[in-house]
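Undergrad: We have chain C; now place chain Z onto it with these hints.
As they're listed, the protein sequences go chains C and Z.
Mapping of the first sequence onto our numbering: position 99 corresponds to residue 99, and the numbering continues sequentially without gaps.
With positions in the second sequence counted from 1, the corresponding number in our numbering is that position plus 1000.
There may be inaccurate statements among the hints.
Unchecked claim - With a straight-line Cα cutoff of 30 Å, these simulated BS3-like cross-link-like pairs (lysine-lysine) come out:
(1) Z:K1070 - Z:K1003
(2) Z:K1073 - Z:K1003
(3) Z:K1003 - C:K57
(4) C:K57 - Z:K1016
(5) C:K70 - C:K11
(6) Z:K1115 - Z:K1016
What the hints assert, rightly or not - Pair ranges (Cβ atoms, derived):
(7) C:R30 - Z:T1060: 28 to 34 Å
(8) Z:I1046 - C:H10: 18 to 24 Å
(9) Z:P1040 - C:G3: 19 to 25 Å
(10) Z:Q1083 - C:R30: 35 to 41 Å
(11) C:V12 - Z:T1007: 45 to 51 Å
(12) C:S7 - Z:Q1083: 30 to 36 Å
(13) Z:Y1054 - C:R9: 24 to 30 Å
(14) Z:N1058 - C:S67: 40 to 46 Å
Keep in mind the hints are simulated off the structure, nothing from the lab.
The beta carbon of each residue, even a glycine, is placed where N, CA and C say it ideally should be.
Each chain, written out:
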Amino acid sequence: DAGITQSPRHKVTETGTPVTLRCHQTENHRYMYWYRQDPGHGLRLIHYSYGVKDTDKGEVSDGYSVSRSKTEDFLLTLESATSSQTSVYFCAISIAGGPDTQYFGPGTRLTVL
Amino acid sequence: AQKITQTQPGMFVQEKEAVTLDCTYDTSDPSYGLFWYKQPSSGEMIFLIYQGSYDQQNATEGRYSLNFQKARKSANLVISASQLGDSAMYFCAMRDFNTNAGKSTFGDGTTLTVKP
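Isolated chain C (complex conformation):
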């Protein structure tokens, strides 16, 4: 158990509304990641963080922003949700940024109507 929680676990929202998803870890790992998973597909990286206030874009970052003001929390914000952002969102951590394993949170299922 890597001590990762995500909140909320489920959310339904309407197009155009802002949404913030929270990832919380208890073990002070430096690296944190946000992925999305769409039906029948693997995970795609949205944004990642390599330290407090240090973040960068992944392959599908359009329409998303992130913030990390504390080691333990990594927030993902959809500024104006669209139906194409309906997905399952996973947060992950790794102890180092190289070859070590990524461990995943339980996921947040987001539906944008």
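TA: Using the frame of chain C, we list chain Z on its own:
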């Protein structure tokens, strides 16, 4: 750019038999790690096994082993003595060693169904 290919959308195996799930990868980095994750119907991502590109021996973890063929760029997962609880989706992933944060690239997954 990294790429992971899993060519088997679905696989069936009889309980207690072994099964191989295929994964091929493409990267220009000499140093990388290969991972397999299991995603049961409950949705969580469970880490199974890891293989480093410089590891001389194939990785094993209990009933899971990774058949690593570097020249062919393949990293197939072998599950021995399949159990009903092995029914799930399985993802192959790669991380390279040379970026700042070791971002992962995932394949599209293989759904494994174990028959009693």
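Undergrad: If a hint holds in the structure, say so; if it does not, say that too.
TA: Evaluated hints:
Distance check on the hinted pair: K1070 (chain Z) and K1003 (chain Z) sit about 15 Å apart at the alpha-carbon level, within 30 Å; holds. Between K1073 (chain Z) and K1003 (chain Z) the alpha-carbon distance is near 11 Å, which keeps this suggested pair within the 30 Å criterion. This hinted pair checks out: K1003 (chain Z) and K57 (chain C) have alpha carbons roughly 18 Å apart, not beyond 30 Å. The suggested pairing of K57 (chain C) with K1016 (chain Z) is violated, with an alpha-carbon distance near 44 Å, which exceeds 30 Å.
Taken as a hint, the K70 (chain C) and K11 (chain C) pair is honoured in the structure, with Cα atoms around 24 Å apart against an allowance of 30 Å. For the suggested pair K1115 (chain Z) and K1016 (chain Z), the alpha carbons sit about 9 Å apart, so the restraint of at most 30 Å is met. The hint said 28 to 34 Å for the Cβ distance between R30 (chain C) and T1060 (chain Z), and at roughly 29 Å that hint holds. The hinted range of 18 to 24 Å is satisfied by I1046 (chain Z) and H10 (chain C), whose Cβ atoms lie roughly 20 Å apart.
Range check, P1040 (chain Z) to G3 (chain C): about 20 Å between beta-carbon atoms, so the 19 to 25 Å window is met. The supplied range of 35 to 41 Å is met by Q1083 (chain Z) and R30 (chain C), whose beta-carbon atoms lie about 36 Å from each other. Hint check: V12 (chain C) to T1007 (chain Z), Cβ distance near 35 Å, so the stated range 45 to 51 Å is violated. Distance hint for S7 (chain C) and Q1083 (chain Z): a CB-CB separation of about 33 Å, consistent with the stated range 30 to 36 Å.
Between Y1054 (chain Z) and R9 (chain C) the beta carbons are some 39 Å apart, a value that contradicts the proposed interval 24 to 30 Å. Between N1058 (chain Z) and S67 (chain C), the C-beta spacing of about 41 Å keeps the proposed range 40 to 46 Å intact.
Consistency with the previously given hints fails for numbers 4, 11 and 13, ordered from lowest to highest.
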